[in-house]
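Visitor: Produce the entire structure from the sequences given, and follow the hints as far as they go.
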Amino acid sequence: MSDEIKRATNIQNGTPTNFIRQIIDEDLKSGKYNGRVHTRFPPEPNGYLHIGHAKSICLNFGLAESYPGGKCNLRFDDTNPVKEEEEFVESIKEDIRWLGFDSEDRLYFASDYFEQMYEYAVQLIKTGKAYVDDLTAEQIREYRGTLTEPGKESPYRNRNVDENLDLFRRMRAGEFPDGAKVLRAKIDMSHPNLNMRDPVMYRILHASHHRAGDTWCIYPMYDWAHGLEDSIEGITHSICTLEFEDHRPLYDWFLDQLGVYHPQQIEFARLNLNYTVMSKRKLLRLVRENYVSGWDDPRMPTISGLRRRGYSPQAIREFAERIGVAKSNSVVDIALLEHCLREDLNKRAQRVMAVLDPLKIVITNYPEDTVEEMEAVNNPEDESTGTRTIPFSRELYIERNDFREEAPRKWFRLAPGKEVRLKHGYYITCNEVIRNDKNEIIELRCTYDPGSRGGWTEDGRKVKGTLHWVSAAHAVKAEVRLYENLFFAENPESAPDGGDFTANINPDSLKILKDCRVEPGLKNAKAGEYYQFLRQGYFVADAKDHSTDHPVFNRTVGLRDSWAKIEKKLK
RNA sequence: UGGGGCGUAGCCAAGUGGUAAGGCACCGGGUUUUGGUUCCGGCAUUCGUAGGUUCGAAUCCUGCCGCCCCAGCCA
9 MSDEIKRATN IQNGTPTNFI RQIIDEDLKS GKYNGRVHTR FPPEPNGYLH
59 IGHAKSICLN FGLAESYPGG KCNLRFDDTN PVKEEEEFVE SIKEDIRWLG
109 FDSEDRLYFA SDYFEQMYEY AVQLIKTGKA YVDDLTAEQI REYRGTLTEP
159 GKESPYRNRN VDENLDLFRR MRAGEFPDGA KVLRAKIDMS HPNLNMRDPV
209 MYRILHASHH RAGDTWCIYP MYDWAHGLED SIEGITHSIC TLEFEDHRPL
259 YDWFLDQLGV YHPQQIEFAR LNLNYTVMSK RKLLRLVREN YVSGWDDPRM
309 PTISGLRRRG YSPQAIREFA ERIGVAKSNS VVDIALLEHC LREDLNKRAQ
359 RVMAVLDPLK IVITNYPEDT VEEMEAVNNP EDESTGTRTI PFSRELYIER
409 NDFREEAPRK WFRLAPGKEV RLKHGYYITC NEVIRNDKNE IIELRCTYDP
459 GSRGGWTEDG RKVKGTLHWV SAAHAVKAEV RLYENLFFAE NPESAPDGGD
509 FTANINPDSL KILKDCRVEP GLKNAKAGEY YQFLRQGYFV ADAKDHSTDH
559 PVFNRTVGLR DSWAKIEKKL K
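If you read the first sequence in our numbering, its first letter stands for residue 9, the second for the next number, and so on.
Don't read these hints as lab results, they were simulated from the structure. One or more hints might be untrue.
In silico lysine to aspartate or glutamate, EDC-like type, Cα no more than 20 angstroms apart, as pairs [unchecked claim]: (1) Lys426 x Asp467; (2) Lys446 x Asp365; (3) Lys485 x Asp557; (4) Lys485 x Glu407; (5) Lys531 x Glu498; (6) Lys368 x Glu413; (7) Lys368 x Glu451; (8) Lys534 x Asp305; (9) Lys335 x Glu275; (10) Lys426 x Glu407; (11) Lys368 x Glu487; (12) Lys137 x Asp231; (13) Lys431 x Glu498; (14) Lys519 x Asp553; (15) Lys134 x Asp196; (16) Lys522 x Asp508; (17) Lys101 x Asp120; (18) Lys579 x Glu414; (19) Lys472 x Asp410; (20) Lys101 x Asp113; (21) Lys426 x Glu413; (22) Lys552 x Glu98; (23) Lys431 x Glu492; (24) Lys577 x Asp467; (25) Lys137 x Glu171; (26) Lys91 x Asp222; (27) Lys290 x Glu498.
Just so we're clear, the structure is a prediction, and the values are computed from it rather than from any experiment.
Guide: Here it is as C-alpha cells:
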C-alpha cells in the first residue's frame, strides 16, 4: 500500500480519525439517525472550565462542524441547585465563545425540562418501574450491598402505584423535608452493576435554583436526567468520559422503559496533563487556599487562566486535535501543549525588544546627542506586518546574562574583546568592564562599527552573536511576570510521605521582575495582545493589571533554548 | 473475591489478517541579523505476556499479568 493510500485510511479532510468518528460514519452509512449528527456539550455550572473541558468542547463542536448539517448544543446540566451558580454559567459561555465555538440558537438548560422529566417519572411509576422509598440515605447505602455481595430490597419497594403516585406528588408539593423520601427506579437489587440496584431518580432539596428559583423542591439525579435531556434535544451521539461507562446500561434502561427517542452514549478518556492537576476539587483548593490569585491565575489550567497567560484559542484547538481521542487513560506531556502554542504564536506575535535584567552599555565612539531611528521587522514569518522604527543612542541596555567576563566554549554572546551584533542596530565590541565598590558589574564600555548600520556589513565578517537591546533614554519601564509550571513534580498527586498534592507546588512558579525596560512602542500595548520578546519568549499584556502607566507583561512560554542545552552539556 | 474498561517507543496515537502511520520529546547536521523559525537525517525486527489457529497475527482464539473506574439523596 502506498503511503498516500495508507494516510487516506485514517485521515479525512485533514482531520485525524478516531473511534467516535468511525461509529458516526457507520451510523451515517446505515441511516441510523437519518443522516443526522447532533452532539452536545453538557457542563454543570459549578466551576470554571479547564483544558480538559476544552478537549471535550473541541470534540463535540468539532464533530458537528465536520459533518454536513452537524449540530452541537450547549446545555447546562443544572440539576443540583446547591452547587450551581449563575457566575459559572457566564464564565462557561464566555470560554466556549473565546475558543471559537458557537451553539447558535441552541443554548439549553436541563432545568427547563424539569416539568417534562416529572411527567416521565409519573409514567414510570404508573408502569410499576419506580417507587417512593422512605429509607434514609444511610440505609439506602447499606441496602445497596457491596461490590461482591448483592443488595437487598427496600421494605417500601412494593408500594402500589396509587400510593407511589400520591407520595411523589406530595414530594413535589413540598410536604416532606429534605432527605425524607426519594423516588427510585425498580430494577434489580442484586445486579452486578451497582448502578442498576434501584438507583435514585429524585431527591428532596428545598433549595433555590439559580434559574428555576423556588419552583421545585425535588431535583432529578444525573442518571435519570441526562438521557432525557439528550432524548428531548434529539442528540444522536452523547459523548462523555470513561467513568460513565458503567452508567450506560442505566442510560439505556430509562430510555427503553419510557419508549422515547434513544441517543447513544459513547465514552472517551478524559485529558490528563503532567505537571498539572485537573480535578475541580483540587483547582478549587488552589484558589481557596490562595496558592494562586484566582480561577484565572496564569498558572491555572483553566481556560480563563490560559487566556490570561497568553494562550491563543487556536493553539488550544490544535492541541486538542493532536492528542487524539481514545479510551485508554493517558497523561499527555505538557510539552505538546507548549509546542502548539509556540507554533501558533510564531506566526502571529509581533516581535519586540525587551530587556528583563538590564545592564547598561555605553558606546564610547558614538556621538553623545545623536538618536538614530533603526528599522525593525515586525514579524519575519509574516511580511504583511511590515516594519517599525526603534531609537538607537549612545547609552543602551542589554540583558545582563548576555555578557560573560569569561566566555565559555561555544559562547558567542558578549565578552571582553568580543564583537556581537545588536539586532537591527550595529556591531559592537566590548572594551571595558565597570564595577561598583561591591565589585558588581554596573556598566560596559563598548565601541561600535559605524559601517555596520542595521546590523550588517558587506565585508563578509562573521558575527554569530545577536543581542536584543533598548535605548536607555527611550525605553519604557515595565513589570514582567515569569511563570513556570505550578508543580515541580511530573505527577503532582504523588507526594512523598503521604503529603497531598500541595506539597508538590513549585515555589518558583512566579517570578516578578519590576525593573524591566521595553522598547518605546510598547507603551501602546493593549491588554491581551501577544508579543514575542526577541530571543526570550512569548509575552502578553496582562488582562487585569496592565496599563499605559504601569505596563505588565506575562510570560506565556519561553522560546526553545538550544544554548541552555549546550551549556548543560558543557558542565 | 462482583461488574465495566484499557495495555502499540520516554509521552500521545494510527493500525480492524498481508509484514509497525503521524506528532511531541530526544539525538545528529544544513540555513539563519532571534542559539527562534525552517530544512534534512536518526529514533519499535516488534505491539503487556505465554501458548494456539493461519502460507502469513499488533489484528482471530485461549490462559496469565498489569493498570483504571464503580458501593453520593454529586455530575
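Visitor: Work down the list of hints and note, for each, if the structure agrees.
Guide: Here is how each hint holds up against the structure:
In summary, the hint linking Lys426 to Asp467 is supported, as the alpha carbons are separated by about 18 angstroms, within the 20 angstroms threshold. Proposed proximity of Lys446 and Asp365 is supported: the alpha carbons are some 18 angstroms apart, at most 20 angstroms. A C-alpha spacing of about 9 angstroms is found between Lys485 and Asp557, which places the hinted pair at or below 20 angstroms, so the restraint holds. About 14 angstroms separates the Cα atoms of Lys485 and Glu407, which keeps this hinted pair within 20 angstroms; it holds.
Distance restraint check for Lys531 and Glu498: the Cα-Cα separation of roughly 38 angstroms exceeds the 20 angstroms cut-off, and the hinted pair is therefore not satisfied. Restraint check for Lys368 and Glu413: the C-alpha separation of about 15 angstroms stays at or below 20 angstroms, so the hint holds. With a C-alpha separation of about 5 angstroms, the suggested pairing of Lys368 with Glu451 holds against the 20 angstroms cut-off. Our distance criterion of 20 angstroms between C-alpha atoms is met by Lys534 and Asp305, whose separation comes to about 19 angstroms.
At most 20 angstroms may separate the alpha-carbon atoms for a hinted pair to count; Lys335 and Glu275 meet this at roughly 7 angstroms. A hinted pair counts as satisfied when its Cα atoms are at most 20 angstroms apart, and Lys426 with Glu407 qualifies at roughly 16 angstroms. Restraint check: the Cα-Cα separation between Lys368 and Glu487 comes to about 18 angstroms, which is no more than 20 angstroms; the hinted pair holds. With a C-alpha separation of about 15 angstroms, the suggested pairing of Lys137 with Asp231 holds against the 20 angstroms cut-off.
Proposed proximity of Lys431 and Glu498 is contradicted: the alpha carbons are some 37 angstroms apart, above 20 angstroms. A C-alpha spacing of about 16 angstroms is found between Lys519 and Asp553, which places the hinted pair at or below 20 angstroms, so the restraint holds. For the hint linking Lys134 to Asp196, the alpha-carbon distance of about 18 angstroms falls within 20 angstroms, and the restraint holds. A distance of roughly 33 angstroms separates the Cα atoms of Lys522 and Asp508; the hinted pair therefore is violated under the 20 angstroms criterion.
For the suggested pair Lys101 and Asp120, the alpha carbons sit about 18 angstroms apart, so the restraint of at most 20 angstroms is met. A distance of roughly 15 angstroms separates the Cα atoms of Lys579 and Glu414; the hinted pair therefore holds under the 20 angstroms criterion. Straight-line distance between C-alpha atoms of Lys472 and Asp410 comes to about 13 angstroms, which keeps the hinted pair within the 20 angstroms bound. This hinted pair checks out: Lys101 and Asp113 have alpha carbons roughly 13 angstroms apart, not beyond 20 angstroms.
Only pairs whose Cα atoms come within 20 angstroms are accepted, and Lys426 paired with Glu413 is accepted, the gap being roughly 10 angstroms. At roughly 18 angstroms between alpha-carbon atoms, Lys552 and Glu98 fall within 20 angstroms of each other, so this suggested pair holds. A threshold of 20 angstroms between alpha carbons decides the hint, and for Lys431 with Glu492 the separation of about 27 angstroms lies outside it, so the pair is violated. Proposed proximity of Lys577 and Asp467 is contradicted: the alpha carbons are some 34 angstroms apart, above 20 angstroms.
In summary, the hint linking Lys137 to Glu171 is supported, as the alpha carbons are separated by about 14 angstroms, within the 20 angstroms threshold. Our distance criterion of 20 angstroms between C-alpha atoms is met by Lys91 and Asp222, whose separation comes to about 15 angstroms. Of the pairs offered as hints, the one joining Lys290 and Glu498 holds, with about 16 angstroms between alpha carbons and a cut-off of 20 angstroms not exceeded.
Checked against the numbered hints given earlier, the structure breaks hints 5, 13, 16, 23, 24 and satisfies all the rest.
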